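Given next are the chains, with one letter for each unit.
2 protein chains.
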Amino acid sequence: MSLAQETAAALQKIFNDRFTTSRGICAEHGTDISHFEPQPPDAVVFPETTEEVRAAVKACAATGTPIVPYGAGTSLEGNIHALKGGVTFDLSRMDKIFSVNQEDLDVVVQPGVRRVQLNEYLRDTGLFFPIDPGADATLGGMASTRASGTNAVRYGTMKENVLSLEVVTPSGEIVRTSRRARKSSAGYDLTRLYVGSEGTLGVITEVTLKLYGIPETILSAVCAFDTFEGAIQSVIETIQIGVPLARIEFLDEDTIKAVNHVSKLSLAEKPTLFLEFHGTAHAVDEQVKTAKEIMTANSGKNFQWAEKAEERTALWQARHDAALSISAYATGTRQWWTDVCVPISKLAACIAETKKDIRATGLFAPMLGHVGDGNFHLGICAKDGDEEEFKKADALHHRLIQRAVSMDGTSTGEHGIGRGKIEYLEEELGAAVPIMRSVKRALDPENIMNPGKILKPLQ
Amino acid sequence: MSLAQETAAALQKIFNDRFTTSRGICAEHGTDISHFEPQPPDAVVFPETTEEVRAAVKACAATGTPIVPYGAGTSLEGNIHALKGGVTFDLSRMDKIFSVNQEDLDVVVQPGVRRVQLNEYLRDTGLFFPIDPGADATLGGMASTRASGTNAVRYGTMKENVLSLEVVTPSGEIVRTSRRARKSSAGYDLTRLYVGSEGTLGVITEVTLKLYGIPETILSAVCAFDTFEGAIQSVIETIQIGVPLARIEFLDEDTIKAVNHVSKLSLAEKPTLFLEFHGTAHAVDEQVKTAKEIMTANSGKNFQWAEKAEERTALWQARHDAALSISAYATGTRQWWTDVCVPISKLAACIAETKKDIRATGLFAPMLGHVGDGNFHLGICAKDGDEEEFKKADALHHRLIQRAVSMDGTSTGEHGIGRGKIEYLEEELGAAVPIMRSVKRALDPENIMNPGKILKPLQ
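Heads up: the sequence lines are chains A and B, in that order.
Its first residue numbered 1, the first sequence is counted upward by one per residue in my numbering.
Its first residue numbered 1, the second sequence is counted upward by one per residue in my numbering.
If you're looking for bench data, these hints aren't it; they were derived computationally from the structure.
A portion of the hints provided could be inaccurate.
The list treats identical chains as one, so a pair stands whether inside a single copy or across any two.
[Unchecked claim] Under the rule of at most 30 angstroms between Cα atoms (straight-line distance), these lysine-lysine pairs were calculated in the DSSO-like manner:
hint: 1; residue 1: 456; residue 2: 58
hint: 2; residue 1: 13; residue 2: 456
hint: 3; residue 1: 96; residue 2: 355
hint: 4; residue 1: 270; residue 2: 210
hint: 5; residue 1: 301; residue 2: 289
hint: 6; residue 1: 308; residue 2: 289
All of these numbers come straight from a predicted model, not from anything done at the bench.
In isolation and in its complexed conformation, chain A is listed as follows (with noise of 0.2 angstroms):
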């Protein structure tokens, strides 16, 4: 594929140098920590203001080039590969915080603002803004993929927090799904419609996000236990009882084994939560006390607990390195990140059964996961270049999606359906997805908006 000339001329003079074909750039736009093969765009454009994504759409849709709309580049199932090639609309540079409302606890930004950079930039205001995907990634992106996080438990998920969006259509024109107001019963929840929809139906160019004051005491936890039941049996049990928990994570053994090694930790390599208690001083005090008596009947031991800023960041270090640890631990192979999302009610069985899933394969593949929600991740590891092992790994991967499925649980919690997953989402779905086809067909008719994501190509 290459780019038509009248398309890549119309670029040129809109963007300038800010319009690239470049090799280079390109197969970096293209590439992404999924196990699929890299798909580069034939070109890429940095847009910095909504009329420039309006002019460049429009400059595509004459030719009907498609369109893959780009934050940070961390989405794990192939979600920005350009399938069908065209030009990759990378939105990093659209990364102003227009205005923070204090009052109204929310705030506007563009879509290429990160997430780390939107609470530097609050952090004077005593607001934050929960959601904490993995990575570091634009809050653009994470609207894409419906992402979630450590402290949806408490906070809700993108589909929460997002207020309402600024969306550029494949035609070409600029639409606000809501208003400011914080609830509303106007029409179809467009909002709602485009977060999750993984660039299909457009191009998002602002974001306005719920933001939460900043609790008077955080305090953060970690529990060793015997078994993983015990660590799920506790989580279940906190969530029932009502302890509104801010973070509730798991990491099993093989997870803990990787970050002590990457991180010349020496943390018990046990099935472990990280836990963390939002609220006032005496709020969080009787919160601790309930999940305390919980984990210690459930065979949880050595607590340690942390309160200060640096203290907790330090307890927590093993979660927030916990992927790359499994990474830089697991070299020499080719990773495949997956998560799925089953009721609570299922989750130790959904472990139980996966756990011994793993153990029959003999694969690397540590898990770890949002245990509050439900929802776990697998990192299954496969020698470099060993395609009976990555065969391996995909028969786990696939056995994994059918056992939550029929769970009545989700082929996916927070990454997305991207190219991985379009043959899963029919299986957890059905009639619901000719549905999708028929909404993706009236607002993308040309099918020029990431084609080949979350629907198998229309025609």
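Let chain A serve as the given structure and place chain B on it in line with the hints.
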């Protein structure tokens, strides 16, 4: 308009005596408490199962017969009026509660289950469902209008609390929008697309809802203020400081007057806040302390408190009775109920201008609302049969919406667009409306689902 003979025959065959063209029953199903002229359907059916809904949809679709889904008929924007005749699907007999999943904090119900019925059913489980629009609506209806109520400031609206839906599409497909996992990134968020679509995209036949543990301590309070500014300022400060109020409701002096008169109470006829605190005993103590300080500093007086269930109910009686009291008090009037929602930073200004505007018209138009969300209602009363007054009410309503939208608010916080606010939707969301229209055309190409609601006629 009248029903095609083959449709009547097909429906008769499916429903026997649960199919009717009785004038009385049709009239009843085309009448609500909105200010619009009633619009009866040509027939009413009373399905009991999803399969019956599917068969009936197919029978209607075969002749392009309009379908109006109907729950309890408590919506306020003419949402259930059969503008183009056709068949009303009265879903009130689909009132089964299928399964309470206590570990997962969710419940699966038929759409005709009412909110009070659900909470009665849940009583022994220690769980509850918090969304409470004024009327005892059905859960299918509440999903359809994206309803909220007094608890939304803490627990969210139907948008946040519907986990999954089963929907019969206009072509008679049965679609499940999501699995029962707490979160998912699997494809377009069809759940949120159907929530708030007011029956214009399909018939909801099953609803999976989130549940919550009944808090250890519930404390209710009432507090009167010399000025509405004091009341609203208290709301703003309490929300900003992060007190996790379960409810914070505003009733103006006219509303209190109506309640005093009808319910023989003797509340101070002043701007009043009704509050509720949920949590552990300690947490509630802390919340109350902070809230009381803020309210006192803003001229809050006449505090009343209640913790026991019956006392709380008595204390909140004025709030619960408010809408009915206004109707009863303003005898001989036609009432125009409306709601808007603005960012909370604009709430004081919006209320001040609206109060001034009401005074200038000379109309009786009590105000009450879920001010923690920036959402308030007016019950505009115009003398029955007085066209001049009705025009004044219309103009007042018009200015209210314009004011809210100009303040980055919405034309409806929780009632929906129905037939009443179609023109305002255009004003509020502009370029987003054609997108909604595309979605409608894609999912209901023959425009048989509740035609004439939310969007202008398609052709």
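A quick look at each hint next to the structure:
In this homomeric assembly, residue 456 and residue 58 come within 30 angstroms of each other (Cα to Cα) both inside a single copy, at 24 angstroms, and across copies, at 28 angstroms. When the C-alpha separation of residue 13 and residue 456 is checked against a cutoff of 30 angstroms, the pair qualifies neither within a copy, at 34 angstroms, nor between copies, at 40 angstroms. Taking the shortest Cα distances, residue 96 and residue 355 never come within 30 angstroms of each other, neither inside one copy (44 angstroms) nor across copies (38 angstroms). With identical chains, the CA atoms of residue 270 and residue 210 are never at most 30 angstroms apart, being 37 angstroms at best within one copy and 33 angstroms at best between copies.
For the homomeric pair residue 301 and residue 289, the shortest alpha-carbon distance inside one copy (15 angstroms) is at most 30 angstroms, but the shortest distance between copies (37 angstroms) is not. In this assembly of identical chains, the alpha carbons of residue 308 and residue 289 lie at most 30 angstroms apart whether taken from the same copy (19 angstroms) or from different copies (26 angstroms).
Checked against the numbered hints given earlier, this structure breaks hints 2, 3, 4; the rest are met.
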